[in-house]
Amino acid sequence: MAEENIVTRLTEFFASRGQRPIPEDTIPTGTEEKPDLAITDGKTTTYLKVFRRDDLQARNTLLQAALRALSYTAVANRVYLALPKVQAAVLDAAVLGEKGLGLIVYDSKAIEEVLPARLFEHDLVSARPSVDLERLRSRISALEQTVEALVSELSRIKSAKLEQLEVKGRRPETPAIAGPQRSQPLPSFLQDNPWLNILSKRGREPDQIAG
Amino acid sequence: MSEGYKQRYTFGMDFGTSDFKFGPITCGERPEVVENRGYFTDKTSIIQQMSGPIKELIVGKDVPLYLEAREDLSARLVYPMRNGIVAKDDERSWAVVKELTQFALEAFRPPESEFAGFYLVASLSAVAPRYMYEKLFEIFRETSKEFGSIRAATIISQPFSVAIAHKIPTCIVIESGHGNSQTCPISRYPIRDAVVAINRGGGDGNALTAEILKDCGYGDLVHEESFVRRVKENIGLIPADLDAAVQMAKNDPERFRAKYQVLGTRITVDLAENSWMRFLIGEYVFDPDHELFQSYFSRGLRKPGDVRFGDTFFRGMLDFGGAIVEAVERCPVELQPYLYKQILLSGGNFAWKAPVELTDVAVDAASKIRFLLEEKGIAETTVLMAQNPQHSVWRGCIVYGYAVPVDFSWSWERFEGWMNF
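Protein chains in written order, with the working numbering: chain A, 1 to 211; chain B, 1 to 421.
No wet-lab data here; the hints were simulated from the structure.
All the given hints hold, so there is nothing to weed out.
Some residues of chain A that are not near chain B, with every Cβ distance over 10 Å (derived):
1. Ala15
2. Arg20
3. Pro21
4. Ile22
5. Asp25
6. Glu33
7. Ala38
8. Ser71
9. Ala93
10. Val95
11. Val114
12. Leu115
13. Ala142
Estimated spans, in silico, between C-beta atoms of each pair:
14. B:Thr382 <-> A:Asp54: 51 to 57 Å
15. B:Lys61 <-> A:Asp41: 27 to 33 Å
16. A:Lys34 <-> B:Ala351: 58 to 64 Å
17. A:Ile140 <-> B:Lys55: 43 to 49 Å
18. A:Pro185 <-> B:Asp289: 45 to 51 Å
19. B:Asp42 <-> A:Ala89: 33 to 39 Å
20. B:Trp412 <-> A:Lys34: 57 to 63 Å
21. A:Ile140 <-> B:Asp42: 54 to 60 Å
22. B:Thr41 <-> A:Lys34: 35 to 41 Å
23. B:Glu334 <-> A:Arg53: 53 to 59 Å
Since we're looking at a predicted model, the values are computed, not measured.
Just so it is clear, CB atoms sit at the ideal spot from N, CA and C, and this is done for glycine as well.
Please put together the full structure from these sequences, using the hints given.
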């Protein structure tokens, strides 16, 4: 429900800040693909890449799309990623902030700017494909650094997942109550709780009067 | 489904009288908390029509954004669990319960592709009748079908949950909320047949406080229950012995003076020479059967009566000590000494101040329960206040869901196990 009209809602969200949409056929090119929404306040331009829940089934998809969105900064003054609120947690906002990307989260009720986008100083004229070589070099360098950071993050996630699967493979089907099986420590109310042993035997002991 | 999966996706829900506490095991020590209420919007309202399509029922933190200053506000704002029980045919209350359930689960829907629904543990009042369990399972089944967010569910009683969270396998839990109180023996299982329910809670303390305020010249302020509750919490005291406390306070009113300035207002409540009345407030909650209360009953204070809700008979005038003794004596004789040894007090109605300078007269809730039991010849007791009372029911739900085997199916005889969807 929250996603069906998200582009319209985002348009209204920016309209309340005095920005209007740029017609699709006049969005400046210079990037591999057009943004999902482009808006302007007359002086600066803002591009948005909008994600829906189905877009985010695989983490790779998000990383690739975030990389493509970074290339918008060659043309737009500000670039935002717009994500469903429940899935925003998978993104490290610090990485986005470092690269100047902004983050907007949404659900069925509200749209919220979680991380403001950095202002990239260039105007529409200078942002044509004929942009000077130095700017392109610095953008490529920034992209390379981002790719390295994302590849490193991806390999960390993969290895953590493998560890989890290994633990899962070893885990017996009866409740292993004695200790934590998660990477983080168990909450205090679970630690040394005699009920864990009592409750883990439910259904495996002679019937008792439950009242 | 494996034990590992269930432990990763255990989800707790505590349907309290005022607040709804919820969240998965990954919340750690504290769940999310929203008020246990829903607001039915007015679709015919011009303002609502102008602001675009909105949902018919609003729950969660957004409720205040939709409230309108209307006379029918109280009819539109529904608190489904005010007394721990929802009537079978109260469709609006059940609609709120369903909306809150779905709101809570969607708020924590995990992104992992392996996710195939939570193992949900919900907690209801100890006096919730069987039809409430049936209705709640029906809501869970519909939610599972519609959203796939529940793999299996179970329902346990709130006192049982509190005992689990406090790591005590054999004890008596007294849960006292706004409308009523329950005394529940637990010995590895909740002993449902021994539950003693009392038709008295924090709301009755508020009612007596309102009468006292009227007597002291503050009758114009008592129509706001939240104000009366604040006065009760700030000036009410539990006497170790009511007669002795009243006598001392009448002899030395300045020492016991009850004065309360309402923060951010010009209102000051001062009981002055009537400050001895502050002891009536605390005593009334624990033991209303004292001759001093008779004059209030004769002037219109509602006397807590014996009533039946669902399958449960609620006693009006039974003191908390008597309720504990009656509950324990419904259990096997061999078990009784162990139950008296651990008494756990839970719920907002036990949060009373005992000022250091008045410790010779005023006591906390645990001490009062000890004194009431001593009067009945029970001396060997340990009475504890539940720590983190707001979160302990949810914590018990998480422990229960984490530990109970995935293949232990729901039994209507035992009121335990997983209902698979």
